[in-house]
Amino acid sequence: MKYDVVVVGAGIAGPIVARNVARAGFSVLLIDKKPAIGAPKQCAEGISIKVFDKYDIPYDRRYINREIYGAKLYSPSGHELELRYKEVSGVILERKVFDKMLAYYAAKAGADVLARTEATDVIRRDGRIAGIRAKHEDEPVEIRADIIVAADGVESTIARKAGINTYAPPHEFDSSYEYEMLIEGYDPDLIHLWFGNEIAPRGYVWVFPKDEDRANVGIGINSDNPETAKYYLDKWLRDNNIPARKLLEVNVGVVPVGGFVRELAKDNVVVVGDAARQVNPMHGGGMAEAMEAGTIASKWIVRALEEENLSLLQNYTKEWWETDGKRLEKVLKVRKVTEKLTDEDLDLFIQVLSGADAEKIAGGDYVEVIKALLKHPKVILSPRRIKLLKQLI
Amino acid sequence: MAEKIRVVVNEDKCYLCGGCAGVCPTLAIEVHSSGWEFFQDKCIGCRICINACPVGALSAKPLEVKE
Ligand SMILES: Cc1cc2nc3c(=O)[nH]c(=O)nc-3n(C[C@H](O)[C@H](O)[C@H](O)COP(=O)(O)OP(=O)(O)OC[C@H]3O[C@@H](n4cnc5c(N)ncnc54)[C@H](O)[C@@H]3O)c2cc1C
Ligand code: SF4
Ligand code: SF4
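Protein chains in written order, with the numbering used here: chain A, 634 to 1026; chain B, -10 to 56.
Every clue listed holds true.
Partial chain B-side listing against chain A, Cβ under 7 angstroms, derived:
1. Y4
2. C6
3. G7
4. G8
5. A10
6. G11
7. V12
8. P14
9. L16
10. S22
11. I37
12. A41
13. P43
14. V44
15. G45
Taking lysine-lysine and the DSS-like style, the derived pairs with C-alpha atoms no more than 25 angstroms apart in a straight line are:
16. A:K868 <-> B:K2
17. A:K705 <-> A:K1004
18. A:K683 <-> A:K705
19. A:K899 <-> B:K31
20. A:K973 <-> A:K1011
21. A:K667 <-> A:K794
22. A:K1004 <-> A:K959
23. A:K879 <-> B:K2
24. A:K635 <-> A:K932
25. A:K768 <-> B:K31
26. A:K963 <-> A:K687
27. A:K635 <-> A:K667
28. B:K(-7) <-> A:K794
29. B:K2 <-> A:K667
30. B:K2 <-> A:K674
31. B:K2 <-> A:K729
32. A:K932 <-> A:K687
33. A:K719 <-> A:K683
34. B:K31 <-> A:K794
35. A:K951 <-> A:K932
36. A:K683 <-> A:K993
To be clear, the hints were calculated from the coordinates, so they are not data collected in a lab.
All values derive from a computational prediction rather than experimental measurement.
For each residue, glycine too, the CB sits at the ideal point set by N, CA and C.
Pulled out of the complex, with its shape left as it was, chain A reads as follows:
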């Protein structure tokens, strides 16, 4: 088999690249090791409404599970901060359908798609990577391609076998565990987030509603924690008297929350999405980031093929680092500061912040909010809090 481009992994990033490259008229093969693309899901399925227009994805009811109007934050001692918009701000997807439909859009654009096809290694010829070795059911297949795209998720195996350094220290990952379950008593129009060092070290517990009484209920904690994510989620459910007897799914995964890969293209190999650690380090969301990286990568892949100049792939690294990379580095800085907050700090901040402040933070304009916090009497009394907040400006 010979293609212009082979894409390993049909999560979010892979199908976006495959679709865009196929649209430009080049031959593309998209493979995934899963027998059913999208299943099992490893996701809370929340995404901003903006991505549909931005990345040219149909707003299709088949994978829009529920529309969301805002968020509610809970501090360790139960103080609440609500942010509610009049308009839909985000959606909870059905990722099993969404991922498969993204692959379908790639196929419709002209890409070949092979499920249950696992890349096992890269093929090296004359000192360069000439394609990948894969296995479809028990049949070995050799796929030759001019450009290899590693969109293989957190494992990043193919990217690493191709010689791209995607290593990040264990503290730069979150371990996540989630139940899709029946749960009552939470406003189904909002996503709900609980913070606290006892509740979810470094991370948070989430309830993302999929129905009036059904939600993804999950947790992310630092992956170098000696306890498991499951331990903390089960504890939270017990402590809050939430019965865990109507569990429809158990979802497990590890999320990169830092450690962005420096070199996103090496010779003719390109790495995108979780494989390149392109995830928001504050909330662990990576779908929009995977779409953005996939869009930039595919632009340069198409140019490189058109101009028959593979060195143009380096521009993907450059452009990503100048745009989304720059933004995510700032978010990483915030994560590192918020990691130092005590439960008392979290209680105080959530108590004194208003919905309007939350809106500013959500919009990325957090500096103004920090400045306001720095004037609050309870903050002024604590040199440690002043120091932490000042690091954010």
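Chain A is already provided as a structure; the job is to place chain B with the ligands on it using the hints.
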């Protein structure tokens, strides 16, 4: 140097999520669609994978040193 260990999986707990493979610095774990695989010769015994597993499916057995 870290103690030489054999990382073992409890298949009844493992979800094949791929997380342990992602955090392993040496590609000593591969997670296939149908199974979990460990490569002893690559493992440096850092135990990063064991902590990272969201469900505690991994454990370490000390490796017997051949004289
Ligand atoms: C519990 C949890 C909750 C999350 N919640 C959210 C959320 O609410 N919102 C959000 O935006 N993000 C969330 N994320 C993060 C989000 O899921 C990822 O950032 C996103 O899926 C990244 O897309 P990707 O295409 O890079 O990788 P993936 O979606 O992981 O896709 C990688 C694909 O590659 C395939 N693959 C891997 N190796 C091979 C191989 N060797 N051969 C063939 N195929 C291979 C896999 O089967 C997989 O389908 C969550 C993650 C977890 C674990
Ligand atoms: S991290 Fe745990 S559940 Fe995931 S593949 Fe590894 S052993 Fe299995
Ligand atoms: S102990 Fe370290 S080197 Fe060995 S498999 Fe686990 S993460 Fe990899």
